[in-house]
Amino acid sequence: MTARVTTLSVWRGGAEDGRFERYEVPFEEGMSVLDALRWIRAHADSSLAIRYSCINANACHTCMALVDGRVEYTCTARLTPAGVTVAPLPKRPVIRDLVTDTMPVEEKLDCGA
Amino acid sequence: MTHLATDVLVVGAGGAGMYAAVAVAREGRSVLLLDKGLVGRGGATIMAQMTVAAAIAHEEPDDWTLHLEDTLDAGRGICHEPLSRMLCERAPERILEMDRWGTRWARENGHIKQVTAPGHRRKRCCYVDFLSTGPAVAATLRHQVSIADRVRRVSNVAAIEVCVADGRVRGAVALDLSTGSLVTMAARAVVLAAGGLTKIFRRNSASTNMGGEAYWLALEAGAELVDMEFVQFFPIAHLAPRLVGMDPIMWDPFRYKLGGRLLNGNFEEFIHRYGGQDEGRYTAPRDLASYAILKEVEAGRGSPHGGVYLDFRHLPEATVRSAFGPVIDRLLANGIDLTRTAVEVAPTAHYHMGGIAVDERLETRVAGLFAAGEAVGGPGGANRVSGNAISEALVFGERAGFFAAETAAGADPGWSPAYAERARAELADLRARKGSGPAPGVVSTELQDAMWEHAGPFRSEEGLERALARIHALRRRLPELTIAAGDVFNLDVQDWYELNAMLRSAEAVASSALRRRESRGAHQRLDAPQMSPAFEKNQRVALDHGVLTSRWSPVVRSGVRTA
Chain A
1 MTARVTTLSV WRGGAEDGRF ERYEVPFEEG MSVLDALRWI RAHADSSLAI
51 RYSCINANAC HTCMALVDGR VEYTCTARLT PAGVTVAPLP KRPVIRDLVT
101 DTMPVEEKLD CGA
Chain B
1001 MTHLATDVLV VGAGGAGMYA AVAVAREGRS VLLLDKGLVG RGGATIMAQM
1051 TVAAAIAHEE PDDWTLHLED TLDAGRGICH EPLSRMLCER APERILEMDR
1101 WGTRWARENG HIKQVTAPGH RRKRCCYVDF LSTGPAVAAT LRHQVSIADR
1151 VRRVSNVAAI EVCVADGRVR GAVALDLSTG SLVTMAARAV VLAAGGLTKI
1201 FRRNSASTNM GGEAYWLALE AGAELVDMEF VQFFPIAHLA PRLVGMDPIM
1251 WDPFRYKLGG RLLNGNFEEF IHRYGGQDEG RYTAPRDLAS YAILKEVEAG
1301 RGSPHGGVYL DFRHLPEATV RSAFGPVIDR LLANGIDLTR TAVEVAPTAH
1351 YHMGGIAVDE RLETRVAGLF AAGEAVGGPG GANRVSGNAI SEALVFGERA
1401 GFFAAETAAG ADPGWSPAYA ERARAELADL RARKGSGPAP GVVSTELQDA
1451 MWEHAGPFRS EEGLERALAR IHALRRRLPE LTIAAGDVFN LDVQDWYELN
1501 AMLRSAEAVA SSALRRRESR GAHQRLDAPQ MSPAFEKNQR VALDHGVLTS
1551 RWSPVVRSGV RTA
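Chains A and B are the protein sequences, given in the same order.
1 is the number of the first residue of the first sequence in the numbering used here; add one for each residue after it.
1001 is the number of the first residue of the second sequence in the numbering used here; add one for each residue after it.
In short, the hints are calculated from the structure, not lab data.
For each residue, glycine too, the CB sits at the ideal point set by N, CA and C.
Keep in mind that the hints are not guaranteed to be accurate.
[Claimed, not checked] One side of the interface only, derived from the structure: several residues of chain B facing chain A at Cβ under 8 Å:
(1) Ala1136
(2) Asp1176
(3) Ala1318
(4) Gly1435
(5) Gly1437
(6) Glu1480
(7) Asp1492
(8) Val1555
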């Protein structure tokens, strides 16, 4: 089997000063968008900021992003050889890259401090 | 720098941490509940898809003493019996409290439905239907911490040091991931509820935050760890085809309900070759099944991806459909039709029996430092029975919270900003460095490979020596690792602390496994395949001036059983 690749366009930076960057990622049948984002952190650019916890189980529900314009859990969004565009959630303040402020206000460090 | 003060600090907001916070609050003490991810979303509890063991005797006559006997049997003679007893005796009240709090335990004819599971002689395992047990437990506890007075929740803040002075806990230093700055916290008591260490192995069912942070924090604070050689490998984790949106250990309840044949790469049954009985039922203990599967793979009789087959094809389609319920559609979305294909499964690191050494108040040898949940060592001995993990989270969470509140009612030991000096200097150094090596996450992967190859389900002196050499070599590379620039949500910084925790935990596991020259429960030595009475004792490790040291200690008995 020949090695296949797919391309991810991923938002990097803040809400105002960001841009999409392209990454080529080895493609395996059935892989998720989160698999690819974790591959980028491990093999291409560890500075990519993403939020996830359970990796695969779709139990923590913290890995949401805008995948090809739709709000999705990146752990269940399937990747295809055609590639995808991944952007931070809309209507949420962008912390950096794909991480948005999804914390309940009372769980913030500066709340009431 | 942000400074917070609280009566009790709870590190880790999974099942045990949340229960601890609720328990502290009901004793009238303030509590700070910290999680490096989002409160109530991380950890192991939320991922648990199976059952919770508690002798509530709704299904059939049962008693906590029977649950205790089953727990001690599985533990192969080395359980910390007072902790095992606490677990079994108090699990029923926790299950019933969760019931009052709205956890929708599966019911039948008005009572909570209980099923059996391997190692249990009675039907005592409660569940929430269709792989929902963990998420339901987590949701209940999230609600309880949100309505409790005196619980302050803080997300995205990772503890990096527990501060101790004059033998007493004073608080902790943590990293605020959102800003990259340090947070200091004065606390009269600290509960470590940050889970286990299964992430140190390449194949694992862990969430991202189970790299042994609780153990590393405890060691650095001066506490002991116990039974670190005992890692439970779950035999039939999903291997292929790629399955997304489900926990890899999801097959167990279905195998339990339906049978489901375990077959090698030649589609032959094989468990019987290793002294077990399978016959499409669900009776082989976890350690034996893991051993058998890996032996088949080693002998060249594995499935294409290096595991074995789990096959439901002999069952009528309607039976499979009714047992799997809505899960069947999630599987179909993954391209898996159980009536046509057998899936591939293989052992994976699933749970850690070892952990922080505590007394009957869940307190370590460091005054004011407590542990809860999977982070606790001892109650499961050499092998935990199925269903006891969430019971541990609930029972030890509640108990640790209660006793920590009791300690916090005493005199305030006091806080000094000087306690944070070491951590502050370390972070400044990390920031200033111009590394030339790989990022910390890359080295974590190398560690996972080494641990899987040499300190996994099959162990030997030679392999364990290799694992230790690898761990030491990777530790020497710490100063040259590259940390990406920037303060905001810099995962490299978090990965660096996590790698420190993983290396320390891995060293504790491999060195303890090396010294235990026998096979017992989950610890299987190829070069010492028998269980030896001489090793019916516990092994404790501690840090002495930065060096991991060990000692053997007699098993703590409870008098429940004399044999």
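Quick rundown of the hints versus the structure:
no., hint, in the structure
1, Ala1136, "violated (11 Å)"
2, Asp1176, "holds (6 Å)"
3, Ala1318, "violated (27 Å)"
4, Gly1435, "violated (11 Å)"
5, Gly1437, "violated (12 Å)"
6, Glu1480, "violated (15 Å)"
7, Asp1492, "holds (5 Å)"
8, Val1555, "violated (35 Å)"
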